[in-house]
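Student: Sequence:
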Amino acid sequence: MASPFVYVPEASSSTPYGAPYYNQYYPPSQGGPSPFIPPSPLLYPSSPYLAPSDLPSGSPNAFNLNSVLWPEDVPQYESSYTSSWIPFTPRQRPRSWQGPAPALGSPFLQPQVPAFLQTQSTSYFKPGHTKKARSWGNAPAWLPEQFASAPQIHPWLNGDAPAQTFHFDLAPAAFVPLRAVSAAQSTRVSDGELRAPAFHPPRTALRILHPRLPWWPVDLTLPPGAAPAPIAVGDVLAALHHALQARIAPADWAELSVEDQQRVTRAFTHRCRAEAVRNGVPQAQLHDREVSVRNEGVKRVDFLLGKTVFKGLVRSPGDPEGVVRLVTA
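Taking UniProt numbering, the leading residue of the sequence shown gets 1, the next gets one more, and so forth.
Hints in this document: simulated from the structure, not taken from any laboratory. Since we're looking at a predicted model, the values are computed, not measured.
DEER-style ranges, computed between Cβ atoms: (1) I37 with Q152: 41 to 51 Å; (2) D288 with Q152: 47 to 57 Å; (3) G225 with Q285: 45 to 55 Å.
Even for Gly, the Cβ is constructed at its ideal location relative to N, Cα and C.
All chains should be built: construct the whole structure from the sequences, respecting the hints.
Tutor: Structure (structure tokens):
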């Protein structure tokens, strides 16, 4: 079978979020396999008794995808795998004349100071002087870290409580994570949002598994000797998208049962047709565009059988530290 996919974003000395991630045990392959297209009887069945498609219809999320244009030249991420990806650009910090920020707790949820430890000022003291509230005067000092020590995951990546305002379909060839602006409109996620840390405390290694993709784990690992850099939301999403857009090999197809081959073929046909429609070509060119997409062959994302909408990452009992499961719908 094919070796696990390892995501390697472009390194950047100006921002810790562009640090390269790779796995020393699975070197990246030089080019993918030739396109594999299912046999003709599966693509064009002559038997009227072949089971109908069991692919889900519509989007699991209440997003109006028509509100977002899907151009063919959507910018991607820059990496060692393809030169069409744009790198994360450093974001200039606005000028601020305020004092230093408090100690970092969680980037996702800042705990509030208990009421009995809040300070209050009074006109009987000099400006700048504060005193504690009268109640609970002997309470120990409060530290934000006491309430933020539990590991946390970015809300967009939380598979235990999927965010209703975030939509990411792994099937389209274009990398377009979406964020809801209103009930009828969505917009592309900005680079600044993609640079947000994926975990707290930060992680520098991660393995992502999916029950339908047992041969293709997605690994994000910091190279030896590199400065620690947290895995960002964009690292996770881009790694998954790039891994699932890879073509399969004939040996991968041979591992499937006859029933699974039929189901994957239906998913493949559905994806190719949807990709042609999504490109917005005229009706007269729709068939030619669909044939062009089919000629690219079956991809790993077709093994998800149409359940290609990202629903987050979850921990599974028994999995070692640093291993999470991909949830799709």
